[in-house]
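**Q** Let's have the full structure, built from the sequences with the hints guiding it.
Protein chains: 2
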Amino acid sequence: MQETRRGVLSALADGPMSGPELADDLGVSRAAIWKHVEALREAGFEIDSDDGGYRLVSVPEFGAEAVEFCLEAPFSVEYHDSIASTNDRARELADAGATDVVVLADEQTGGRGRLDRRWASPSGGIWFSVVCRPALPPAHVPIYTLAAAVATAEALRSVGVDAGIKWPNDVLSGEGRKLVGILTEMEGEADRVSWVVVGIGINANVDAGAVPRTATTLRAEVGDVERAALTCDVLDRFDELRADPDSVLPRWRSLSLTLGRRVRVETPVETIVGEAVAVEHPGTLVVQTDTGERRVSAGDCEHLRPA
Amino acid sequence: MQETRRGVLSALADGPMSGPELADDLGVSRAAIWKHVEALREAGFEIDSDDGGYRLVSVPEFGAEAVEFCLEAPFSVEYHDSIASTNDRARELADAGATDVVVLADEQTGGRGRLDRRWASPSGGIWFSVVCRPALPPAHVPIYTLAAAVATAEALRSVGVDAGIKWPNDVLSGEGRKLVGILTEMEGEADRVSWVVVGIGINANVDAGAVPRTATTLRAEVGDVERAALTCDVLDRFDELRADPDSVLPRWRSLSLTLGRRVRVETPVETIVGEAVAVEHPGTLVVQTDTGERRVSAGDCEHLRPA
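Line by line, the protein sequences are chains A and B. Residues 0 to 306 in numbering that gives the first Met the number 0 are what the first sequence spells out, letter by letter. Residues 0 to 306 in numbering that gives the first Met the number 0 are what the second sequence spells out, letter by letter.
In case anyone wonders, no lab produced these hints; they're calculated from the structure. One or more of the hints may lead you astray.
Copies of the same chain look alike in the list, so a pair counts if it fits in one copy or across any two.
Unchecked claim - For lysine to any residue, the following SDA-like pairs were computed, each having C-alpha atoms within a straight-line distance of at most 25 Å: (1) Lys34 x Ala228; (2) Lys177 x Arg191; (3) Lys34 x Pro211; (4) Lys177 x Arg304; (5) Lys165 x His139; (6) Lys165 x Ala134; (7) Lys165 x Arg191; (8) Lys165 x Glu279; (9) Lys34 x Glu265; (10) Lys177 x Glu37.
**A** Right, dumping it as structure tokens:
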């Protein structure tokens, strides 16, 4: 069903087509085509019909239907025009037993970053949180955070943004400004999580003046993007990465802005300065210091000028 | 204050003493001694006074006062005669912002073990959960679980039980029967926990018939114990271990029943069979298999007969 509907949409995206042509192309009846077109219209897709056949006039720019429609991955989407925090709502859903649900919003009024830092989330951005229930120990959850960074950086590159990743999960523009924030939260036992919520905030169709000076937006970098399509791309890539965790680190490395750089990493207990030489499962940074190799599993990383 | 009160108690534990003698010994006034004795009586300590001075007749066997009184570590204690689950109550307190609180019960009506397994918790046991807020990434939390196992096994040895540890945190009797269950839960971000709850259940003054066949009780092994004193000993050792995480693994190793044994470890994704050759921070088991060394961070471990 969903497959055929996507086929109709994809055919119409190339230009107007008649009902019989569509039916032939997709191997279904004309009545089925008519039903799918109606369903598309209900989902917010504007489709004209005249003597030349069906013509796709516009697609919804954002929202649950728009994202669910283009999504390959098995997520359901709960959309809010405005919400305090998609992560907070996703945690509620997780506590209630949900899984593979995406909470999506146009605006967050109380967006949070790591360590309770404030995260500006004006209307026009892409703010969403994914609820997952992986069979993982908490120790391996960082691979989910890295996967989210890889999925987002790759999706941004596909719309022309020169995106790269600063360890562990900051997606930056070519000039080193922050485009994306990722906040992973979890609950569980010492050897098995019960849920993981991965929050991803993309400074999308937002004026650069509405985000902090150290950040930038897609509007400022490449102009406005189709948010539903970009959201789908991130989610589909994330779904593919979580299904194949071994693929995360190779893809992370090829997007890394940190490997080979001099870095200062602040951990809860110490500061480590040296060259970032490797990243290892589940996201550990290996830093070559003056006194030897150090492995860091968590911390704030700053890129330094060469010594 | 607490120090002097403990001094009074400790002096009286050696035999009757007059008020002036106590005052001299502890370097405080007779009026202060009188106040401390009154406070002790209020806390459930039975203290007679006659011509020969003060005489300690009995100490409370269990409860918040009894444990808080003997405790060196900075925990406050919330006691329940009966509660569904001390871990659930501790999680509530943790969500509300509490730290260094111990939820203690004589009986749990819905005691839980790992992976939602049922944990029999009849009256007479020692069932408690500790709320902590360490500055740790979730990946390092297993060291807390190992610390709890070390604290408990050492405390049991000090009351004459032949206790050892099966990786990662099962405290067993000499015959390999389970004496203690430990359930660690946490919530937080991928790189920092917001809280950890360590639940410890000791089959203490309980008939062996009231626990599963694979388990045993202190009553069956060495006879009934002073529960408040044992609880304090576990908590004080745990507090010392968490303050010095580097001391956990050496002490764990010297109590280990697993190192040097053939083991089968079931992880969420695979089964590993081989010889347990080492344990590494934060609690990873190193298993020598036919095809090489494997590192396991979580799983169910079974001791096998030598191949």
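**Q** Each hint should be assessed against the structure and marked as holding or not.
**A** Evaluated hints:
For the homomeric pair Lys34 and Ala228, the shortest alpha-carbon distance inside one copy (23 Å) is at most 25 Å, but the shortest distance between copies (74 Å) is not. For a Cα distance limit of 25 Å, the shortest separation of Lys177 from Arg191 across copies, 21 Å, qualifies, whereas the shortest one inside one copy, 32 Å, does not. For the homomeric pair Lys34 and Pro211, neither the shortest alpha-carbon distance inside one copy (47 Å) nor that between copies (60 Å) is at most 25 Å. In this homomeric assembly, Lys177 and Arg304 come within 25 Å of each other (Cα to Cα) only inside a single copy, at 18 Å, whereas the closest approach across copies is 56 Å.
In this assembly of identical chains, the alpha carbons of Lys165 and His139 lie at most 25 Å apart whether taken from the same copy (19 Å) or from different copies (23 Å). In this homomeric assembly, Lys165 and Ala134 come within 25 Å of each other (Cα to Cα) only across copies, at 23 Å, whereas the closest approach inside a single copy is 27 Å. For the homomeric pair Lys165 and Arg191, the shortest alpha-carbon distance between copies (19 Å) is at most 25 Å, but the shortest distance inside one copy (28 Å) is not. Proximity of Lys165 to Glu279 under the C-alpha cut-off of 25 Å is restricted to the intra-copy arrangement: shortest distance 15 Å within a copy versus 29 Å between copies.
With identical chains, the CA atoms of Lys34 and Glu265 are never at most 25 Å apart, being 58 Å at best within one copy and 50 Å at best between copies. For the homomeric pair Lys177 and Glu37, neither the shortest alpha-carbon distance inside one copy (41 Å) nor that between copies (64 Å) is at most 25 Å.
When each numbered hint is compared with the structure, violations occur for hints 3, 9, 10.
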